Amino acid sequence: MKPVKVLTLSALLGSALVLGACGNDAADTGTEEGEKTEQTDAGDAQLQGEISIDGSSTVYPIMEAVAEEFMLEQPDVKVTVGLSGTGGGFEKFIAGETAMSNASRPIKEEEAAALKEAGIEYTEFELAKDGLSVVVNKDNDWVDQLTVDELKKLWLDNGTAKKWSDIREGWPEEEIKFYSPGTDSGTFDYFDEVILDGGQIDKAATLSEDDNVLVQGVTGDKNAIGYFGYAYYIENKDSLKVVPIVNEEGTAVEPNAETIESGEYAPLSRPLFTYVSNAAIKDDAATAAYVQFTLENAAALAEDVGYVSLPQEKYDEQLSTLEGLK
Amino acid sequence: MENVDRIKSEEMINRIDGRLTKNKIVKGLFFIATLFTLIMLVVLLYRIIAQGAPYLSWDFLQNFASRRPEQAGIKAAVIGTIWMMAVVVPTAAIFGVGSAIYLEEYAKKNTLTRWIQMNISNLAGVPSVVFGLLGLTIFVRLFGFGNSILAAGFTMSLLVLPVIIVASQEAVRAVPNELKEASYGLGATKWQTISRVVIPYAIPGIATGSILAFSRAIGETAPLIVVGIPTFVAFLPSGVFDSFTALPMQIYNWTSRPQEEFHNLAAAGIIVLLVVLIMMNSVAVWIRNRYQSR
Chain U
1 MKPVKVLTLS ALLGSALVLG ACGNDAADTG TEEGEKTEQT DAGDAQLQGE ISIDGSSTVY
61 PIMEAVAEEF MLEQPDVKVT VGLSGTGGGF EKFIAGETAM SNASRPIKEE EAAALKEAGI
121 EYTEFELAKD GLSVVVNKDN DWVDQLTVDE LKKLWLDNGT AKKWSDIREG WPEEEIKFYS
181 PGTDSGTFDY FDEVILDGGQ IDKAATLSED DNVLVQGVTG DKNAIGYFGY AYYIENKDSL
241 KVVPIVNEEG TAVEPNAETI ESGEYAPLSR PLFTYVSNAA IKDDAATAAY VQFTLENAAA
301 LAEDVGYVSL PQEKYDEQLS TLEGLK
Chain C
1 MENVDRIKSE EMINRIDGRL TKNKIVKGLF FIATLFTLIM LVVLLYRIIA QGAPYLSWDF
61 LQNFASRRPE QAGIKAAVIG TIWMMAVVVP TAAIFGVGSA IYLEEYAKKN TLTRWIQMNI
121 SNLAGVPSVV FGLLGLTIFV RLFGFGNSIL AAGFTMSLLV LPVIIVASQE AVRAVPNELK
181 EASYGLGATK WQTISRVVIP YAIPGIATGS ILAFSRAIGE TAPLIVVGIP TFVAFLPSGV
241 FDSFTALPMQ IYNWTSRPQE EFHNLAAAGI IVLLVVLIMM NSVAVWIRNR YQSR
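Chains as they are written, first to last, in UniProt numbering: chain U, 1 to 326; chain C, 1 to 294.
None of these hints come from the bench; they were simulated from the model.
Check the hints yourself; a few may be wrong.
[Stated by the list, open to error] Partial pick of chain C residues on the chain U-facing surface, computed with a CB cut under 8 Å:
#, residue
1, ARG67
2, ALA234
3, GLN259
[As the list claims (entries may be wrong)] What follows is a set of in silico ranges between Cβ atoms, one per label pair, in the way DEER data are often shown:
#, chain 1, residue 1, chain 2, residue 2, range
4, C, GLU70, U, GLN312, 22 to 32 Å
5, U, PHE293, C, PHE241, 22 to 32 Å
6, C, ILE94, U, THR160, 54 to 64 Å
Since the model is a prediction, treat every value here as computed from it, not as a measurement.
All C-beta atoms in this analysis are idealised placements derived from N, C-alpha and C, irrespective of residue type, glycine included.
Just chain U, with the same shape it has in the complex (with noise of 0.2 Å):
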């Protein structure tokens, strides 16, 4: 009866010991080829210490590129970019369990609030911009700009089936379906703030927080609208039209590198933001490396991930921020 018993017990953590060692034994090799590396860098000033940062998907590739480039020249900075959204990194970030947060929208009030009761200084570091791109169907012949009031008109909610005739006069008379970023996103955020002024958004608007289903949406209706960053319109460009958008100046304005950059886009141009807490700025030279190394390549990075880089000076003001809070 022993080897019953034997093989009772061992049946029963019999994967669990397996899959240990499993792990133990893919993490020795693991630090192995991390020492190697180390080797082959040696001579530089090596930091040490964990980098801990949540917040927007949207800052998420930046972020991801700059941890990425960051560690290959510090391999023993533990770097860790999570994604729980700008309001959830935020929550985060008043806990005290992160020393960034990326948000694709301005900090708001309670937020703000929020730290300053839990008594954490912070600075916030612009990144670069995106520019939220209104699209419609490629089939979609008769939008050829819109308005601040007529996207208002299209968006919010009146209680109705809106058809394309309502907005303007001469446009086919079909209902139009909607597609927008789910609310708990930065980007709906955003939208909410310059075009829905705080009102309610469609009642029939398709809410997604995977923009890649508002994509598929808007590709397959003829007369849907939605919008999101701009990166998802590049993407996608050979089966979507964008819409230029009025700005204040009067002048219908295509979304593109230029003109998000110079600001001329607007008011869809938005920045994206990393907020820092000052005391890891002051007390962790692993952090304040990262913060200088991110600003001082992110205007390259952003654009390789699909965002545009700010003016050059854009950066240089906020490295000198940076350098009066180390």
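Could you slot chain C onto chain U? The hints should help.
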């Protein structure tokens, strides 16, 4: 008499036709249901493999995440998932099987037990996000584990515990009473009976249920996002208190990126996840066969 018999047999022949048609229709319905499920599965698998297979390579398994799709890999995610499961499997198995044996063999069959029983069954249906919130409040903040392997592993253990308890209870209940009574009859104690008769007999059922539950833990994304597990991690954990990332997090991130190449990487990641799942299920089958043939 002869007349009556003839009417009866004619009626019977008529009825047989009806019954046979009904039989055929039902068979056809079940066949269509199976066919439909299979076709959906094949289409899904075909799409994922066609999209992801070209991206599967040794580099893909060996590289960390990257902004350049051609350099991006899932090393941190695979190792992270293995670490997390190294926490989940023993925790959930010990607590799950322990509770099941207590409830079946030791607990009195009264209202309280029935009430606990009902709650465990209900817990199995609670959305995984809720377990994520529980993990965030208790393990991440109260116990101060942070977004570590331990916090995520315990959260996932909680998520799969109800399923393991229910499955293990079924398995323990299926042990024939004669075997247990024979054991007692020979003078064995309760613990001797449980460890040498009940558990060996129930192992195939326990293993099958548990491994299905563990497969769920491997594939869940929502609780990890709520707990605050990061996605970009370019180092390997060296202990259970380290940060990590897991396969579903990486796949989720890649599917939501604008670039097509990242969607293909996500498909490649899904293939790796499927292989891991198939391996786990094979272990379940192996354990079952081994114990059933005894």
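Verification of the hints:
1. Checking C/ARG67 against chain U by beta carbon gives a least distance of about 4 Å; that is within 8 Å, so the hint holds.
2. With a cut of 8 Å, the hint placing C/ALA234 at the interface with chain U holds, because the nearest CB-to-CB distance is about 5 Å.
3. At about 6 Å, the closest approach between the beta carbon of C/GLN259 and any beta carbon in chain U falls short of 8 Å, and the interface hint on this residue holds.
4. A hinted range of 22 to 32 Å for the beta carbons of C/GLU70 and U/GLN312 is consistent with their spacing of about 29 Å.
5. Range check, U/PHE293 to C/PHE241: Cβ separation about 27 Å, and the 22 to 32 Å hint holds.
6. Remark: the range hint 54 to 64 Å for C/ILE94 to U/THR160 is upheld by a beta-carbon distance near 59 Å.
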